[in-house]
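Engineer: Protein chains in written order, with our numbering: chain A, 301 to 574; chain B, 13 to 551.
It should be emphasised that the hints constitute simulated quantities derived from the structure, not laboratory data. Even glycine gets a Cβ: it sits at the ideal position worked out from N, Cα and C. Errors might be hidden in some of the hints.
With a straight-line Cα cutoff of 30 Å, these simulated DSSO-like cross-link-like pairs (lysine-lysine) come out [to be verified]:
1. A:K445 to B:K82
2. A:K455 to B:K354
3. A:K440 to B:K354
4. A:K445 to B:K167
5. B:K435 to A:K557
6. B:K102 to A:K539
7. A:K350 to B:K102
8. B:K242 to A:K565
9. B:K268 to B:K19
10. B:K102 to A:K565
11. B:K19 to B:K163
12. B:K350 to A:K455
13. A:K539 to B:K268
14. B:K163 to A:K557
15. A:K565 to B:K350
16. B:K268 to A:K455
17. B:K171 to A:K437
18. B:K23 to A:K455
To be clear about the criterion: a stretch of chain B counts as covered by chain A if any three or more of its residues have a C-beta under 8 Å from a C-beta of chain A, and this derived list gives those stretches [to be verified]:
19. 88-97
20. 190-203
21. 261-269
22. 281-289
23. 389-398
24. 510-524
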Amino acid sequence: MILFIFYGSILFFIIAAALRVRRCVSAPIHLHWELYKGSSVYELTEWWGKTHNTFGEKLWSMILDLLFLREFYHRNRNFWYFLYPFHIGIYSLVLWHAWFLFGAKVISIEFLSIWGRLWGHVATGLTFFGIVGIFIKRVKDEDLKIYYPPIHYLKWPFLAVILLEAFYSVQFYFGDIFEDLLLEFHPNVATKAHLLFASVLLIYLPFSHIMQLFFRYYHYLRWDDVPNVRGSEIERRIKEHLERPVTWSAPHIQSGKRWREVASKLECPITEGK
Amino acid sequence: MATERKKIRLKDISIRTDEPLITVTADDLMPLPPPLDQQGKKAPYSPLSENQKKSFECSLDGVSALALPKPKNKEEEEKLVARFLSGLRKLLSQNDNWPFWQPLIQSLESCVRCQTCSDACPVYVSSGNQEIYRPTYKSEILRRIINKYIKKRGKIITKLTGDDIKLNWPTVARLAELAYRCTLCRRCAQRCPLGSDNGLIGRELRKLFSQEMGIAPKELHDSGTVQQLKVGASTGISSAAFQGMVEFMEDEIEEKWGKRIKIPVDKEGADILLIHNSGEFMSWIENPVAFAIIFEAAGLSWTLSSEIYGYEATNYGTWYDDVQFARIALKQVEVARKLKVKKMVMGECGHAHKGLIVIADRILMDEMNFPRESFLPLLEELVCGGKLRLDPQKNNFPVTLHDPCNVVRLMGIVEPQRRILRKICPQFREMEPHGVENYCCGGGSGFAIMNSMNFKEWRENISSRMKLKQILETFNDVLDSGIRKYVCAPCSNCKGAIRDILSSNDLWEKNSIYYGGLVELVANAMVDMKRPYIDWEWH
Ligand code: SF4
Ligand code: SF4
């Protein structure tokens, strides 16, 4: 039963995450609304014939940001002290699970038991430290508190409980987990509890900010600095939108007509606002 | 030090009161450096008159940017709230709001409420950290309204994700005003580690009010975009009046500098159609004149247009309304197309840069996708490429540079203006911070031209306060009135806002701090000008 829930939650995670990615990727193309960290192609005369930033540069920058949380480091160091261990802890816990599952097939139990435990505990410790720090900040700092919705005050303790529980099962039932879960599929009670919590987490994850962090870098979003050229894919997509009706109701809009008409033909006089 | 004051909560936005939620006092304000450190304490804005209070909504901070009439009765209130909600639904719909749906949703969903952005906001900091001006205040309220009234995910989830905002008329009225307490400078968005853009959320709120409810500041809508679409320019200048101004410019050049220049107007097939903010013709004619002198001296093939829509670069739609924005952008490009020029070049107007070159890029299709660029790279080629004979000694006075948000942070044109100034101004000094980190002039997003009731005072003493502080700090070693200093602001609206803060603090009279554009400095450095181009006459 518990394994059924666990694998179900993995499936749920994959589907929900895919749906969110799809929502992001299939969003209508938006107008060019950019922010620059420094010089852009507009510093050149006849910029339209010149190249914009390369995808490679953006990707590299994204990797560095995600690995080191550079922006938090530079702009909100107090937060970073807790956020960074939390993130590094989470990244290594994800890797730990992958290594563990992979190791189950090829690496000896003794090796896993010593190094796996050490790795797991360090990662858990880092994450736990981050969680406690963030939670205390969120509770004590009035400015942070008034904007933080209640759900997050449940989220952090819940994560802490999962970690404590995970620590307990790895510390005391490591061999059993290995045998029971991976070879025989009969987890013990401690592992069962861990799997149950992990399932809840997996169901929550697609709705969390972790996903947002990735979307931020979605190519066409944050750094969508691609100009529209005649005959391009951008032009094709925009043209589709221009055929849609304008639905806004203020009198000056001329609701009901297509965007193309509303923008280009001013047949009726434009009324003044209130 | 700010006096102890009541902490404003998100839910306070819904409170029904006769008094405003807050009133910013003299004690709250961010202190200014010398010579304004000893200034007597004066409230940043005057209270509205009893009559104004009776007629207009001012329950946010006692300021009225919108002159929003109070609803007559309960039914009218309810109708307005329902219209707000219907507009909000449209804002969140891919179909209705395709132009900004994706960045808006991203901004609404990604915020982790870390408040890293707060200290980046000049309005929040200058006002002494007033909660209502915090970049996230309006955004979080909007998020919670969406949670409770649009998403409807069941009682428990709504409660857990925040359901404390009551959507009533006070909330709607305050949000409308709040959308006009943010200059859309997007410094907060630059600072946000998650890429959430509170400036955009502010703009989208303005759009909801305009496109759904017909609510927008008179200066932006009625006498802004509507007037522009009717007569050709938001200043109301007609084509005939414009032609008269060009003649005046030619006479002025002859009279002052002894040169007879024929300013090209409507020259078909020219390489460049130069398009100015028409406010320049009204308030700072020396700016288009300097352009003409420089372009003629460099032997460029260029022209102005006297065609309706062809002599006005502004597009206030950029700040509050997608439809008005698109209408104006199309009209402007149409002029260039008919004139068969090779490209359009924007003069010193920041939002025209961002609007027509960047944002409009994705509404200009086929033959309307017309080459458009900034004057800055072109001017750099002329100044640094040796096309003009220049003597930097003619500009031997302290000069600092303001970075118009629309040109710099929002468009990435950072260096050409600096290379020009380094070349022609021996005493050029940067203000801090500068470049993409620089602060807004406080007149951004239309504020520079909005003067309803006590709004001008609010702007001068709160939203422009950080700029004032920066200018004074930059010139702190040369405050002596015997030394003339120049704040270079290559944008019409920024220039207006900076003029107002310098003048209301007597900084020209007492400390000789002057302001102006960039081309004026170039013209001032030109070797063959018989007398200095900059006349240091305050206006
Ligand atoms: S907008 Fe960004 S910086 Fe501001 S609170 Fe939200 S996540 Fe933090
Ligand atoms: S856009 Fe500028 S003025 Fe508006 S909230 Fe952000 S920092 Fe403040």
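Engineer: Would you mind marking each hint as holding or not holding in the structure?
Structural biologist: Consistency of the hints with the structure:
Proximity of K445 (chain A) to K82 (chain B) is assessed by CA-CA distance (about 34 Å); at most 30 Å being required, the pair is judged violated. In summary, the hint linking K455 (chain A) to K354 (chain B) is not supported, as the alpha carbons are separated by about 59 Å, beyond the 30 Å threshold. For the hint pairing K440 (chain A) with K354 (chain B), the CA-to-CA distance comes to about 61 Å; that exceeds 30 Å, so the pair is violated. With a C-alpha separation of about 22 Å, the suggested pairing of K445 (chain A) with K167 (chain B) holds against the 30 Å cut-off.
At roughly 53 Å between alpha-carbon atoms, K435 (chain B) and K557 (chain A) are farther apart than 30 Å, so this suggested pair is violated. In summary, the hint linking K102 (chain B) to K539 (chain A) is supported, as the alpha carbons are separated by about 20 Å, within the 30 Å threshold. Taking the CA atoms of K350 (chain A) and K102 (chain B), the gap is about 37 Å. The hint is violated against a cut of 30 Å. A C-alpha spacing of about 13 Å is found between K242 (chain B) and K565 (chain A), which places the hinted pair at or below 30 Å, so the restraint holds.
At most 30 Å may separate the alpha-carbon atoms for a hinted pair to count; K268 (chain B) and K19 (chain B) exceed this at roughly 59 Å. A threshold of 30 Å between alpha carbons decides the hint, and for K102 (chain B) with K565 (chain A) the separation of about 23 Å falls inside it, so the pair holds. A hinted pair counts as satisfied when its Cα atoms are at most 30 Å apart, and K19 (chain B) with K163 (chain B) qualifies at roughly 29 Å. The suggested pairing of K350 (chain B) with K455 (chain A) is violated, with an alpha-carbon distance near 61 Å, which exceeds 30 Å.
Pair hint K539 (chain A) plus K268 (chain B) does not hold up; C-alpha atoms about 51 Å apart against a cutoff of 30 Å. Annotation: proposed proximity of K163 (chain B) to K557 (chain A) holds, straight-line Cα distance about 28 Å (limit 30 Å). For a cut-off of 30 Å, the pair hint linking K565 (chain A) to K350 (chain B) stands: about 17 Å separates their Cα positions. As the CA atoms of K268 (chain B) and K455 (chain A) are separated by approximately 72 Å, the hinted pair breaks the 30 Å bound.
Restraint check for K171 (chain B) and K437 (chain A): satisfied, since their Cα atoms lie roughly 22 Å apart, inside the 30 Å limit. Distance restraint check for K23 (chain B) and K455 (chain A): the Cα-Cα separation of roughly 23 Å lies within the 30 Å cut-off, and the hinted pair is therefore satisfied. Under the rule that three or more residues need a Cβ within less than 8 Å of chain A, the assignment of the stretch 88-97 of chain B is violated, with 1 such residues. Closer than 8 Å: that is the beta-carbon criterion, and the stretch 190-203 of chain B has 4 residues meeting it against chain A, so the requirement of 3 holds.
For the stretch 261-269 of chain B, the assignment as covered by chain A is violated, since 0 residues bring a beta-carbon within under 8 Å of that chain's beta-carbons and 3 are needed. Coverage of the stretch 281-289 of chain B by chain A is violated in this model, with 0 residues showing a Cβ closer than 8 Å to a Cβ of that chain against a need of three. Only when three residues or more bring their CB closer than 8 Å to a CB of chain A does the claim for the stretch 389-398 of chain B stand; here the count is 3, and the claim holds. Proximity of the stretch 510-524 of chain B to chain A, defined as three or more residues with a beta carbon under 8 Å from a beta carbon of that chain, is not established by the 0 residues found.
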